[in-house]
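Generate the whole structure from the sequences, applying the supplied hints.
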Amino acid sequence: MRTVGLDITRTGWVTTFQDLGRRDTERRGVPTGGAADQHSAAMANILVGNPRDATLIENLGGEPAFVPDADVLVAVTGGPCRVTVGGAPADSWSPVVVPAGTEIRVRADMDLGARNYIAVSGVLAAKTLLGSAAPDPRMGFTQTLETRVLLESGFRGFGHSHFAPPLFRLPVPVLRCPQGPWVIDVVESYGARSIPGVRELIARSPYTVTTRSNHVGLRLDGPVLHPDTETEIVSHGVPIGALQIPHADELIVLGRYRSLTAGYPIVGVASRASLPLLGQAGPGRELRFRWVDRETSVRRYAERERALRVLERATAEAFGALGFAGHLISH
Amino acid sequence: MTAEQFTAVTVEPFGDSAVMVTVPHPDPVIRRTAVVAFRERFLAQRPPGVLDVVSGLESLLVEFDPLETALPHVEYAVRLLAERLPLHERLQARTALRFDIPVVFDEETGPDLLSVAEEVGLAPAEVVEAIAESTFTISLLGAAMAPMMDGLSVPRPVRRRAEPRTDVAPGAIMIAGTNAIIQPFPGPTGWRVVGRTPHTIVDISRAEPVSFGTGDIVRFVPVTRDEAAALDAGFLLPVSEVSA
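Note that the protein sequences, when read in sequence, are chains L and C.
All residue numbers for the first sequence refer to the numbering used here, where the first residue is 1 and numbers rise by one.
All residue numbers for the second sequence refer to the numbering used here, where the first residue is 1 and numbers rise by one.
Don't take each hint at face value.
Said to hold, decoys possible - Here are the simulated distance ranges between beta carbons:
1) C:A207 - L:P283: 35 to 43 Å
2) C:V242 - L:E286: 52 to 60 Å
3) L:P283 - C:V242: 33 to 41 Å
4) L:T296 - C:E12: 13 to 21 Å
5) L:P206 - C:E163: 49 to 57 Å
6) C:E83 - L:D24: 44 to 52 Å
Claimed, not checked - Sample of chain C residues lacking proximity to chain L, with all beta carbon distances greater than 10 Å (derived):
7) S17
8) L122
9) E133
10) E163
11) R225
12) D226
To be clear, the hints were calculated from the coordinates, so they are not data collected in a lab.
Where a beta carbon is used, it is the ideal one built from N, C-alpha and C, also for glycine.
Spelled out as structure tokens, the structure:
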């Protein structure tokens, strides 16, 4: 292992340290937080031989860039983006060697996906709060990057020319961020039963992400219905992805930094397999909701998890063949 | 209290990987007490695949990994653990701690003191006295680890503000209903602000950002502004363990 410095030459609009979030802190008033698009964050780490929950960089908008002072192995995932290394185009969703003294840049295409994840093989030196590097703005834990970031790295290079054919052909489950409306699977919950017709309304109507959205929730413009009764709902915990109808005419999809509901009806909860896409939805994005049953929802999540495990194994084998063990984990 | 027991809880599936547990009972006090007892018991016997729990006032959201366990397993574990749930079970995972928290109660630190006094039919000084004589128990950690406590003894429950305040200072002591809470970070609140402690309640530079937990006992000790300044108050620490 050696210490490598990354000179952050530019940051994007919001560039922070990030990981998959806190564990077991919800009951102490701290939301799990973590990468809005957990799939892409886990993938970026896997592609550089890190554990899935290693600290990485999350970026929203702009064109972040850095220059390492030793060769490093980097992977960029998330929304569609343009990656360049020393000015030459490089692949996203793939391990990329960034030679010492060379700049890697990531230019996001905000129209298609809001966030990019940049993982570097090794351990990034970042502060933690309750065991996680994930920011928590509410607690003043911002995790913005300094001009120089340190990395403990065991990567020594693959001895592969930049101009040779790509080293890797990995079975990468890329997150699809298509043009046009994104379809989000939703499992019905009690609120749908208390508001007659809301299920049908949500299934047939388009919803648009507004600029009032943040890490607490996506606020959507679109038709909603309210319960007839004035029955008070006592505030309670809600899962990530809960579809909440507040008193105003809008629909809110709660994100990883949600707190208890203020007593609004929850009509459904987005399927686990749909959460990564929700994490990529930026202002202006049109969403359509599709009701699915619980079994279908879990099956889709299991399929995605299987793809991640296949990639973990393939990456371990490819890196092993190149004489680089990384921090690879066994599954 | 009675030795009444529950044989049933309500388990409502929530999305593809969570259930919400509630205790059906006409009395809200019993619903709340029972769900706290259930939470302690559930955490002490945590079934495999359970990721985290989120406490509501009268509910417990149980989040699980649907690939490590499955809805029927979680539901079964919940029902099994809820069987013969006593109302006032004391299942302390940790020894309760005792806190004496110095608080400045004046017009500047407690802008809602006067309106609270009018509402409950006391003089402002009597409201301060009532708070100082109340023994609070921390019932849960609210947003950003704010200690939410029960036990305010006033002639009638205190209403929330009609218009929430947008920027309340850290350390603010706030009341609503028969509850009190301390604001850990600057932010909005609908609670009534009655005083402020010079102590740091939550310190994120610490591995363990708070020194308190659920079940701990809190008393508020009125101090003057000068006394507060002389305290050189830092991170809030307990005065002692509560003897059983």
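Hints versus structure:
Separation of C:A207 from L:P283 is about 37 Å and conforms to the stated range, judged on CB atoms against 35 to 43 Å. About 56 Å separates the C-beta atoms of C:V242 and L:E286, a value consistent with the hinted range of 52 to 60 Å. The supplied range of 33 to 41 Å is broken by L:P283 and C:V242, whose beta-carbon atoms lie about 51 Å from each other. Checked against the hint of 13 to 21 Å, the C-beta distance between L:T296 and C:E12 comes to roughly 20 Å, which is consistent with it.
At about 35 Å, the beta-carbon gap between L:P206 and C:E163 misses the expected band of 49 to 57 Å. For C:E83 paired with L:D24, a C-beta distance near 25 Å fails the hint of 44 to 52 Å. With a cut of 10 Å on Cβ distances, C:S17 falls inside the contact zone with chain L, its closest approach being about 6 Å. Distance check on C:L122: its Cβ is at least 28 Å (rounded) from any Cβ of chain L, clearing the 10 Å threshold; non-interface status holds.
Chain L leaves C:E133 outside its interface by the beta-carbon criterion, the shortest separation being 27 Å against a cut-off of 10 Å. For C:E163, the condition that its CB be more than 10 Å from all CB atoms of chain L holds, with the nearest at approximately 15 Å. Annotated as non-interface, C:R225 keeps its C-beta farther than 10 Å from every C-beta of chain L; the closest such distance is 25 Å. At roughly 29 Å, the least C-beta separation between C:D226 and chain L is larger than 10 Å, which holds for a residue marked as non-interface.
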